[in-house]
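Novice: Go ahead and model the full structure; you've got the sequences and the hints to work with.
Listed below, chain by chain, are the residues.
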Amino acid sequence: MKKISRLLMLMMASMLILAACSKDDKEEGNSSNEASEKRKLVVSSFGGDYEAAQMEVLVKPFEEEFNAEVEVVTLYSADALARIKAQKGSPEIDVVQFSGGQEIQAINEELVEEIDSSIVKNISGIYESAVLEEGYGPAMAFDALGILYNIDLVKDVPTSWKDLWKEEYKGNVGVIDISNTFGLQFLVMNALLNEGNEDNIDPGFSSIETLLPHASSIVGTTPDLGNLFAQEEVVIAPYDSGYAFNFSKQGQPIGFSIPEEGGMAIFINMQVVKGTKNSELANEFINYSLRPEVQKAFAEKTGFSPTNKDVKISVDLAEVIPHGEEVMDSLIKLDWNTINENKAEWTERWSKLISQ
Amino acid sequence: MKLKLSPHWILLIPGMAMMLFFFIVPLGQIFIISFFKSQPDGAFTLENYSKFLTDSHYLKILWRTIWIGFVTSIVCLVLGYFLSYGIARAKAKYQNFLLLLVILPLLTSAVVRNFGWMVIMGKKGLINETLLALHIISSPIEILYTPLGVIIAMTHVLLPFMVLVLYPILSSMDLNIEHASENLGASPFKTFWLVTIPLSLPGIFAGTLLVFSIAISFYITPALIGGPKVPVMATEIYNQTMNLLNWSYASSIAVILLIAVLLIISIYNKMLSKVSNQGGGL
Amino acid sequence: MKPISVFRIINLFIFAFLMAPLVIVIATSFSNTSYLTFPPKGFSFKWYEYVISDGRYLEPLLNSLLVAVIATIISLIIGTMVSIAVVRYRFKLKGMVNSLFLAPLIVPSLLLGIGLLMFFSKLGITDAYIRLIAAHCVLTIPYVVRSVVASLGKINPSIEEASRILGASPLKTVFLVTLPLIKPALIAGGFFAFIISFDELVVGLFLTSSSVTTLPLLIYSDIQFNLNPSISAISSLLIIGTIIIGVVGMKFIDKKNLY
Numbered sequence: 001m002k003k004i005s006r007l008l009m010l011m012m013a014s015m016l017i018l019a020a021c022s023k024d025d026k027e028e029g030n031s032s033n034e035a036s037e038k039r040k041l042v043v044s045s046f047g048g049d050y051e052a053a054q055m056e057v058l059v060k061p062f063e064e065e066f067n068a069e070v071e072v073v074t075l076y077s078a079d080a081l082a083r084i085k086a087q088k089g090s091p092e093i094d095v096v097q098f099s100g101g102q103e104i105q106a107i108n109e110e111l112v113e114e115i116d117s118s119i120v121k122n123i124s125g126i127y128e129s130a131v132l133e134e135g136y137g138p139a140m141a142f143d144a145l146g147i148l149y150n151i152d153l154v155k156d157v158p159t160s161w162k163d164l165w166k167e168e169y170k171g172n173v174g175v176i177d178i179s180n181t182f183g184l185q186f187l188v189m190n191a192l193l194n195e196g197n198e199d200n201i202d203p204g205f206s207s208i209e210t211l212l213p214h215a216s217s218i219v220g221t222t223p224d225l226g227n228l229f230a231q232e233e234v235v236i237a238p239y240d241s242g243y244a245f246n247f248s249k250q251g252q253p254i255g256f257s258i259p260e261e262g263g264m265a266i267f268i269n270m271q272v273v274k275g276t277k278n279s280e281l282a283n284e285f286i287n288y289s290l291r292p293e294v295q296k297a298f299a300e301k302t303g304f305s306p307t308n309k310d311v312k313i314s315v316d317l318a319e320v321i322p323h324g325e326e327v328m329d330s331l332i333k334l335d336w337n338t339i340n341e342n343k344a345e346w347t348e349r350w351s352k353l354i355s356q
Numbered sequence: 001m002k003l004k005l006s007p008h009w010i011l012l013i014p015g016m017a018m019m020l021f022f023f024i025v026p027l028g029q030i031f032i033i034s035f036f037k038s039q040p041d042g043a044f045t046l047e048n049y050s051k052f053l054t055d056s057h058y059l060k061i062l063w064r065t066i067w068i069g070f071v072t073s074i075v076c077l078v079l080g081y082f083l084s085y086g087i088a089r090a091k092a093k094y095q096n097f098l099l100l101l102v103i104l105p106l107l108t109s110a111v112v113r114n115f116g117w118m119v120i121m122g123k124k125g126l127i128n129e130t131l132l133a134l135h136i137i138s139s140p141i142e143i144l145y146t147p148l149g150v151i152i153a154m155t156h157v158l159l160p161f162m163v164l165v166l167y168p169i170l171s172s173m174d175l176n177i178e179h180a181s182e183n184l185g186a187s188p189f190k191t192f193w194l195v196t197i198p199l200s201l202p203g204i205f206a207g208t209l210l211v212f213s214i215a216i217s218f219y220i221t222p223a224l225i226g227g228p229k230v231p232v233m234a235t236e237i238y239n240q241t242m243n244l245l246n247w248s249y250a251s252s253i254a255v256i257l258l259i260a261v262l263l264i265i266s267i268y269n270k271m272l273s274k275v276s277n278q279g280g281g282l
Numbered sequence: 001m002k003p004i005s006v007f008r009i010i011n012l013f014i015f016a017f018l019m020a021p022l023v024i025v026i027a028t029s030f031s032n033t034s035y036l037t038f039p040p041k042g043f044s045f046k047w048y049e050y051v052i053s054d055g056r057y058l059e060p061l062l063n064s065l066l067v068a069v070i071a072t073i074i075s076l077i078i079g080t081m082v083s084i085a086v087v088r089y090r091f092k093l094k095g096m097v098n099s100l101f102l103a104p105l106i107v108p109s110l111l112l113g114i115g116l117l118m119f120f121s122k123l124g125i126t127d128a129y130i131r132l133i134a135a136h137c138v139l140t141i142p143y144v145v146r147s148v149v150a151s152l153g154k155i156n157p158s159i160e161e162a163s164r165i166l167g168a169s170p171l172k173t174v175f176l177v178t179l180p181l182i183k184p185a186l187i188a189g190g191f192f193a194f195i196i197s198f199d200e201l202v203v204g205l206f207l208t209s210s211s212v213t214t215l216p217l218l219i220y221s222d223i224q225f226n227l228n229p230s231i232s233a234i235s236s237l238l239i240i241g242t243i244i245i246g247v248v249g250m251k252f253i254d255k256k257n258l259y
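Taken in sequence, the protein lines are chains C, Y and X.
Position 104, counted from 1, in the first sequence is what our numbering calls 104; the numbers after and before it change by one each time, with no gaps.
Position 57, counted from 1, in the second sequence is what our numbering calls 57; the numbers after and before it change by one each time, with no gaps.
Position 57, counted from 1, in the third sequence is what our numbering calls 57; the numbers after and before it change by one each time, with no gaps.
Just so you know, these hints were derived from the structure itself, not from any lab.
Be careful, since some hints might not be right.
What the hints assert, rightly or not - Pairs of lysine to aspartate or glutamate residues, derived as EDC-like cross-links and limited to a Cα-Cα distance of at most 20 angstroms, are as follows:
#1 K60/Y to E345/C
#2 K229/Y to E233/C
#3 K41/X to E233/C
#4 K124/Y to E142/Y
Note that the structure is predicted; figures quoted are calculated from it, not measured.
Specialist: Take a look at the structure:
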């Protein structure tokens with residue numbers, strides 16, 4: 001035991017020294033930054049390739065042009081929402097990014113503020129339906145909820161939502177949990193397909209109930225779905241085109257199709273956090289994200305379509321992602337206010353439906 | 001002016017201060033909102049509690065959480081005792097290395113570790129493929145996304161904790177006592193049952209308590225291995241907090257969990273002190 | 001068959017159970033693909049190269065180590081003090097003190113994270129190191145208390161009494177008699193504290209800042225938009241690193257003991 005305690009002390013001492021050195025380095029870095037008195041902005045992003053793309057095409061050029069220092073904190077939409085709620089009134093984040101739907105919750109909870117239309121002038125250049133809530137941050141990118149499928153194992157390209165019920169995929173369908181926005185949208189889609197809507201969700205639930213025997217599993221998160229596709233336990237699932245692009249870029253044999261009944265619109269947007277001390281710069285940042293050249297570069301890297309009318313994406317990309325005003329207008333848009341009002345009730349009902 | 005404090009309070013002051021500032025106060029402000037409606041202008045209400053306690057769906061989640069924690073503790077105790085006993089009785093020069101191996105599972109990120117489980121327990125996973133090839137089963141059995149899967153994966157992560165509690169006790173145990181028992185003619189099994197186990201009772205108590213406590217509040221493993229089909233208290237709290245922003249309800253669930261578990265632990269405590277008293281009398 | 005060999009076989013199975021997912025993780029880290037898959041397709045070291053050359057893992061790793069080491073030291077000191085009080089003294093409210101130092105294990109850390117963020121925001125404490133260390137101490141003290149209390153309970157108080165009768169001060173008795181006797185439990189408690197802090201994700205989700213992040217958080221934030229074998233490579237490096245530090249450390253100490 002003597003040995004192991006010495007060993008432990010040795011390990012700890014070496015780690016402390018290592019860590020202390022690293023901290024020193026950073027402090028030096030900080031002090032040099034403080035000297036130049038740059039304006040600071042804290043922005044949330046989604047991590048991974050998405051964040052890397054945003055750093056390159058949006059954050060870095062913005063920093064140069066506005067002589068600002070933008071710090072990116074990685075937070076998924078739900079995490080970001082919870083965090084700004086906990087810090088209501090004294091936020092550490094200035095601009096928050098949502099993957100669609102959470103902005104309504106944020107507005108209702110008074111966590112975000114209206115944009116300054118005298119700064120966010122680029123809003124005039126974006127598609128009309130990309131303005132989500134009048135006065136608040138518009139969509140800076142969009143993609144579509146459709147069907148993801150394994151191109152090796154699914155022979156016929158799915159053309160209808162009903163294809164998910166096909167006998168041949170039985171046991172290999174990924175049903176998305178309602179806690180995931182895409183699962184929530186798919187539930188509403190099921191209602192719409194069966195003469196229901198956001199106010200009349202019953203047909204949606206009965207429809208999902210008939211799909212459950214076909215499910216390989218109820219999938220909660222994106223990495224889970226990616227793994228299930230990689231292990232071929234799931235071959236077909238309702239999900240969005242952005243991830244389809246991401247998965248296939250990683251080399252997974254994954255295709256995407258928008259069913260003939262219509263896909264659903266997913267709007268990525270940025271909002272100014274209420275109570276920020278950097279409101280002006282935050283608005284500038286949102287304005288910058290709507291620029292055509294920024295949106296084009298971002299789309300080419302991530303597969304999320306531009307919302308700016310003036311962007312022409314490359315031919316290669318145009319083949320694989322839904323894009324353009326016509327497509328966007330054809331996508332079904334959800335009544336998020338009604339959805340958010342009912343979300344708690346639906347979640348409970350869903351949980352009762354699927355739990356064992 | 002001299003303030004006379006009894007020594008135990010001096011010993012407790014730093015710990016209590018730490019807990020007061022960084023646990024009781026921060027959690028207190030969360031727990032308080034469980035008595036108010038979730039809307040900003042919410043009024044005082046016990047609705048959150050009555051909602052949970054009157055809905056069989058939520059009570060089932062509580063029950064599931066507790067029995068998964070219970071089974072995990074028992075399995076961890078049995079496996080952990082075997083391991084700790086084996087390591088404590090191994091040659092001295094191997095002991096540290098074996099301990100090192102035991103804690104390795106804790107060093108892998110939960111996400112990749114659970115990917116490993118997906119590969120092992122999935123419908124097309126190693127277990128199912130093996131059983132199918134051996135014709136033991138005719139169609140894949142479901143392990144992933146079931147309580148069984150959660151128990152397996154949770155046992156895996158929590159087993160190191162059990163070993164780290166049991167090992168010090170078993171290794172510092174005087175081997176002469178066991179030898180004495182054997183010299184007096186007791187079989188190895190009898191010695192183990194009547195001498196070793198009673199002597200390690202504090203470790204058994206501490207280990208099961210530790211594993212049970214972590215298990216019932218564990219989030220990541222149930223979320224990834226159990227999935228939405230196997231909700232437990234921690235995943236329900238997560239869902240209410242993050243997706244529905246209903247912090248009032250989430251905190252009432254946490255309060256109910258806390259009370260239920262402290263109750264169970266105090267009963268366990270009483271039972272165990274009785275048993276160990278009797279054991280001491282033998 | 002001898003009971004000893006049956007026993008060995010059972011333990012071999014338990015070790016296999018512990019290692020199984022890790023073997024798969026290590027295997028996937030050599031995959032040539034850009035996504036996690038098993039069996040790995042192709043063989044390459046590119047994910048190790050990526051992790052080592054990328055450099056963005058280094059700072060979060062060091063942050064995690066720093067926070068874990070400090071939290072471990074603090075919780076060892078505080079936790080041992082609490083344990084001695086609880087085991088060696090009789091006082092009112094002991095049951096409550098006991099429960100209090102168990103409670104952080106039972107309360108889902110998500111809510112603690114949110115509560116702490118609200119608390120720190122009100123006080124204007126924005127330094128992520130302070131926030132993380134405070135939170136991790138609360139989460140790790142119970143582990144130290146659990147293992148030290150179990151060990152202290154086994155030590156006959158008369159040994160300590162003897163030391164005092166022989167003239168040692170209470171403090172001296174603690175350092176010269178009690179602490180050496182509970183050393184295994186201190187080491188176990190220290191291990192717990194270190195690992196729990198090093199691996200902590202949920203509380204960190206709320207308490208890190210834009211400039212300070214930890215390794216578990218970086219991994220968590222990478223998985224949504226590029227879940228690739230680099231995560232397996234990091235885990236494998238941690239496993240291999242621990243084994244190497246452990247084995248080399250043991251050798252080093254062995255040699256020193258010869259003199």
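Novice: Could you work out which earlier hints the structure fails to respect and list their numbers in ascending sequence?
Specialist: Nothing - there is no hint that the structure violates, so all of them hold.
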